[in-house]
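Visitor: Sequential numbering from 1 applies to the sequence shown in my numbering.
Errors might be hidden in some of the hints.
To be verified - Calculated cross-link-like contacts (lysine to any residue; reagent style SDA-like; alpha-carbon spacing at most 20 Å):
no.: 1; residue 1: K64; residue 2: S43
no.: 2; residue 1: K136; residue 2: M126
no.: 3; residue 1: K163; residue 2: Y84
no.: 4; residue 1: K172; residue 2: K136
no.: 5; residue 1: K77; residue 2: W109
no.: 6; residue 1: K157; residue 2: K172
no.: 7; residue 1: K77; residue 2: K136
no.: 8; residue 1: K64; residue 2: A37
no.: 9; residue 1: K172; residue 2: N148
no.: 10; residue 1: K91; residue 2: K163
no.: 11; residue 1: K64; residue 2: Q124
no.: 12; residue 1: K157; residue 2: V146
no.: 13; residue 1: K142; residue 2: Y84
no.: 14; residue 1: K64; residue 2: K172
no.: 15; residue 1: K142; residue 2: V115
no.: 16; residue 1: K157; residue 2: L16
no.: 17; residue 1: K142; residue 2: Q178
What the hints assert, rightly or not - Ranges of calculated distance between the beta carbons of each label pair, as one might list FRET restraints:
no.: 18; residue 1: Q167; residue 2: L22; range: 40 to 50 Å
no.: 19; residue 1: S57; residue 2: S132; range: 31 to 41 Å
no.: 20; residue 1: S43; residue 2: K13; range: 29 to 39 Å
no.: 21; residue 1: D169; residue 2: I71; range: 18 to 28 Å
no.: 22; residue 1: Q140; residue 2: R87; range: 14 to 24 Å
no.: 23; residue 1: L100; residue 2: Y26; range: 42 to 52 Å
Think of the hints as simulated: they come from the structure by calculation, not from any bench.
Since this is a predicted model, take the numbers as computed values, not measurements.
For glycine and all other residues, C-beta sits at the position ideal for the given N, C-alpha and C.
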Amino acid sequence: LRSPDVSDGEELKEQLYAHGALHWQYWICAFCINQHASICGNSMGVLDTVTQKVLPSCDCATPKYLNDQPIRCEMNKFDDMMAYLHRECPKFLQVVAIDLEFMIFSRAWCVAELVQADASHLEQHMMIHSPSALEKNTGQLKSIQVQNCSASREEDKLAILAKIGAQDDVDKFNQRLQQILLGNGGLLADWLDGQKLLQEVGAISARAKARVEEASKAQPNLDVSDPWEI
Numbered sequence: 001l002r003s004p005d006v007s008d009g010e011e012l013k014e015q016l017y018a019h020g021a022l023h024w025q026y027w028i029c030a031f032c033i034n035q036h037a038s039i040c041g042n043s044m045g046v047l048d049t050v051t052q053k054v055l056p057s058c059d060c061a062t063p064k065y066l067n068d069q070p071i072r073c074e075m076n077k078f079d080d081m082m083a084y085l086h087r088e089c090p091k092f093l094q095v096v097a098i099d100l101e102f103m104i105f106s107r108a109w110c111v112a113e114l115v116q117a118d119a120s121h122l123e124q125h126m127m128i129h130s131p132s133a134l135e136k137n138t139g140q141l142k143s144i145q146v147q148n149c150s151a152s153r154e155e156d157k158l159a160i161l162a163k164i165g166a167q168d169d170v171d172k173f174n175q176r177l178q179q180i181l182l183g184n185g186g187l188l189a190d191w192l193d194g195q196k197l198l199q200e201v202g203a204i205s206a207r208a209k210a211r212v213e214e215a216s217k218a219q220p221n222l223d224v225s226d227p228w229e230i
């Protein structure tokens, strides 16, 4: 809530208070995990989504702890973190903001955290850009497999797969992921049902319009104010 302009910061606090959200707490991995103690020294060719230029690397002297030092590493404990927050913060829940192209589901960390949140019995919510974005990407959702997902570091992906277990466990993981997303009562089931309903209504409307146009051509003087009677 800090701002160079104090008045802006106070206005934001007032708005949050008015909405009963002033004391809400969020865990955002990009902020809560110390990037300087992990991957800041190598951008690994990742592009800035705005400038499309390779992200700069950091030359800080902070010691880096990766998979070869699992105790000190901060990036391998998402399941423990979720279990802890669920235990200490009874109202803690997971909100998944889905990008326009649904690339989030191609990332090993993201799908692993989604399944882990379900296993930890966290309340889960998904926010999508639009129904049309969901319709466009439904096909790829049905084919998600964690072993085909990517990670910035191959070691991270291998660690995720190792934590899941043997091939049978991976298969069960993928089945559970499908259930979480698209199964009966799944996170995207209501979105898909709503989209299907809109498509059906649109199809009915299109057929009614076609009947009106056909009737108008056949009988120019026909009253077509009620297409359902044609």
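Visitor: Evaluate each hint against the coordinates.
Guide: Against the structure, the hints:
no., hint, result
1, K64 with S43, "holds, 14 Å"
2, K136 with M126, "holds, 17 Å"
3, K163 with Y84, "holds, 18 Å"
4, K172 with K136, "violated, 26 Å"
5, K77 with W109, "holds, 11 Å"
6, K157 with K172, "holds, 17 Å"
7, K77 with K136, "violated, 33 Å"
8, K64 with A37, "holds, 5 Å"
9, K172 with N148, "holds, 15 Å"
10, K91 with K163, "violated, 27 Å"
11, K64 with Q124, "violated, 32 Å"
12, K157 with V146, "holds, 9 Å"
13, K142 with Y84, "violated, 31 Å"
14, K64 with K172, "violated, 34 Å"
15, K142 with V115, "holds, 15 Å"
16, K157 with L16, "violated, 38 Å"
17, K142 with Q178, "holds, 7 Å"
18, Q167 with L22: 40 to 50 Å, "holds, 48 Å"
19, S57 with S132: 31 to 41 Å, "holds, 38 Å"
20, S43 with K13: 29 to 39 Å, "holds, 35 Å"
21, D169 with I71: 18 to 28 Å, "holds, 24 Å"
22, Q140 with R87: 14 to 24 Å, "violated, 35 Å"
23, L100 with Y26: 42 to 52 Å, "violated, 22 Å"
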